[in-house]
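Protein sequence lines, in the order shown, are assigned to chains A and B. Numbered per my numbering, the first sequence spans residues 1 to 235. Numbered per my numbering, the second sequence spans residues 236 to 470.
Think of the hints as simulated: they come from the structure by calculation, not from any bench. Quick caveat, the model's predicted, so the values are computed rather than measured. Some hints here could point you the wrong way.
25 Å max Cα-Cα, derived PhoX-like pairs, lysine-lysine [claimed, not checked]:
| hint | chain 1 | residue 1 | chain 2 | residue 2 |
| --- | --- | --- | --- | --- |
| 1 | B | K401 | A | K170 |
| 2 | A | K170 | B | K455 |
| 3 | B | K470 | A | K53 |
| 4 | B | K470 | B | K455 |
| 5 | B | K401 | A | K179 |
| 6 | B | K414 | A | K166 |
| 7 | A | K114 | A | K170 |
Number of protein chains: 2
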Amino acid sequence: MKKLLLASTSTLHEGTYLSYLQEELYHFFEKIDEILFIPYARPSGISHDQYTKIAQQGFSHIGKKIIGIHTLDNQYEAIRQAQAIFTGGGNTFLLVNELYQLQLIDILRDTINKGTPYIGTSAGSNIAGQTMQTTNDMPIIYPPSFQTLGLVPFNLNPHYLDPDPKSTHKGETRETRIKEFHTLNNIPVVGLREGSWLLINNERITLKGNLTARIFEQGKIPYEWDGKTNLPFIK
Amino acid sequence: MKKLLLASTSTLHEGTYLSYLQEELYHFFEKIDEILFIPYARPSGISHDQYTKIAQQGFSHIGKKIIGIHTLDNQYEAIRQAQAIFTGGGNTFLLVNELYQLQLIDILRDTINKGTPYIGTSAGSNIAGQTMQTTNDMPIIYPPSFQTLGLVPFNLNPHYLDPDPKSTHKGETRETRIKEFHTLNNIPVVGLREGSWLLINNERITLKGNLTARIFEQGKIPYEWDGKTNLPFIK
Chain A
1 MKKLLLASTS TLHEGTYLSY LQEELYHFFE KIDEILFIPY ARPSGISHDQ
51 YTKIAQQGFS HIGKKIIGIH TLDNQYEAIR QAQAIFTGGG NTFLLVNELY
101 QLQLIDILRD TINKGTPYIG TSAGSNIAGQ TMQTTNDMPI IYPPSFQTLG
151 LVPFNLNPHY LDPDPKSTHK GETRETRIKE FHTLNNIPVV GLREGSWLLI
201 NNERITLKGN LTARIFEQGK IPYEWDGKTN LPFIK
Chain B
236 MKKLLLASTS TLHEGTYLSY LQEELYHFFE KIDEILFIPY ARPSGISHDQ
286 YTKIAQQGFS HIGKKIIGIH TLDNQYEAIR QAQAIFTGGG NTFLLVNELY
336 QLQLIDILRD TINKGTPYIG TSAGSNIAGQ TMQTTNDMPI IYPPSFQTLG
386 LVPFNLNPHY LDPDPKSTHK GETRETRIKE FHTLNNIPVV GLREGSWLLI
436 NNERITLKGN LTARIFEQGK IPYEWDGKTN LPFIK
């Protein structure tokens with residue numbers, strides 16, 4: 001009974017932290033009081049404590065208590081016994097490196113696969129995929145591996161951005177970058193625009209928000225997915 | 236007698252490959268007939284042969300012959316004996332991985348340090364820095380290390396982009412990403428805008444093109460460098 005909510009971003013323009021997701025979070029965490037928070041992606045380098053405070057603010061309206069995993073002595077047991085788990089965004093390299101150094105990758109995967117509800121935003125969504133290789137982040141630290149939790153049979157590209165037809169910038173577009181990924185890898189990629197999130201109940205994957213997602217498969221022209229059917233590459 | 240030309244990009248909007256650099260290339264390679272080309276960054280996944288053809292077109296007007304290193308049996312000797320070396324842009328992870336797999340990192344560093352002229356564009360400029368950790372590229376392959384050639388005492392961020400004050404996108408700006416790098420690393424970063432390039436003659440570093448560069452040092456507010464003085468962090 002796998003249950004995941006994978007969001008492109010924590011915050012929308014003119015919104016506050018998690019504000020656009022409040023109704024969804026209310027239903028997702030209906031029977032849950034406490035959520036274990038993983039702050040290791042440290043957006044803009046803020047401290048684990050600072051980040052945990054921000055996460056708490058995002059969950060105060062629906063009355064949930066947030067516990068920063070960094071404050072606990074036995075993080076392995078904390079994951080195993082958590083009512084629910086939330087990983088916030090930031091730098092994916094830093095997040096993945098921390099999870100490997102603390103030897104938390106396997107217990108996270110096992111616990112979520114057994115049914116502990118999981119929510120990720122941005123980098124926290126990225127690690128639910130097969131690998132972190134479609135992150136947008138800078139490689140500020142060298143992790144022991146790019147393999148991630150593999151909770152879904154694809155990779156995610158959060159904050160997916162459409163090419164700007166008016167742009168004069170010659171840096172690669174997001175689409176070009178993902179195509180480069182597919183010259184060496186055959187894992188499908190879901191480009192998740194800001195304001196979109198995936199709800200996963202076992203094998204059933206639903207796209208939420210008002211936007212379509214852009215799907216990239218090796219050797220195919222990228223296409224839009226409206227979420228009304230299951231992802232075409234899932235048999 | 237180190238001699239490097241490190242460009243932010245190979246191509247400007249409404250220009251052709253290397254067109255904006257023709258005059259500089261003419262002087263830089265005045266006494267040189269043949270340039271060894273390293274095509275391993277494979278932009279958009281094009282083949283080494285295709286990429287070498289594009290590079291040849293960029294150097295045809297000034298009458299230089301381009302030799303793709305991938306066509307040679309002994310690439311180590313080819314670097315050692317090259318008249319000049321050019322590394323094109325593309326994916327930095329792929330480029331660095333290839334250079335490590337082929338065991339070419341050390342001979343490249345040594346040869347350029349001894350005076351063989353080197354030109355890089357984008358990923359090819361990135362590898363001249365201390366590490367590849369301020370690349371904009373996706374981690375499409377896991378290289379054995381993020382260490383690069385260390386030909387200059389800083390890192391580069393090619394295709395540097397200023398934050399767009401009108402943007403509603405919540406993905407990290409380039410400046411935020413580089414600040415995240417500095418939460419863990421103290422290597423200065425030169426943000427090189429498209430249309431800019433660095434000329435390096437031994438320890439003397441000149442900024443060319445019509446734009447300033449944005450300089451990031453750990454613990455300091457980022458600032459502009461107009462190239463009229465040497466880089467402030469170089470003693």
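Here's how the hints hold up against the structure:
no., hint, result
1, K401(B) x K170(A), "holds (20 Å)"
2, K170(A) x K455(B), "violated (29 Å)"
3, K470(B) x K53(A), "violated (42 Å)"
4, K470(B) x K455(B), "holds (17 Å)"
5, K401(B) x K179(A), "violated (28 Å)"
6, K414(B) x K166(A), "violated (28 Å)"
7, K114(A) x K170(A), "violated (45 Å)"
Of the numbered hints listed earlier, those contradicted by the structure are 2, 3, 5, 6 and 7.
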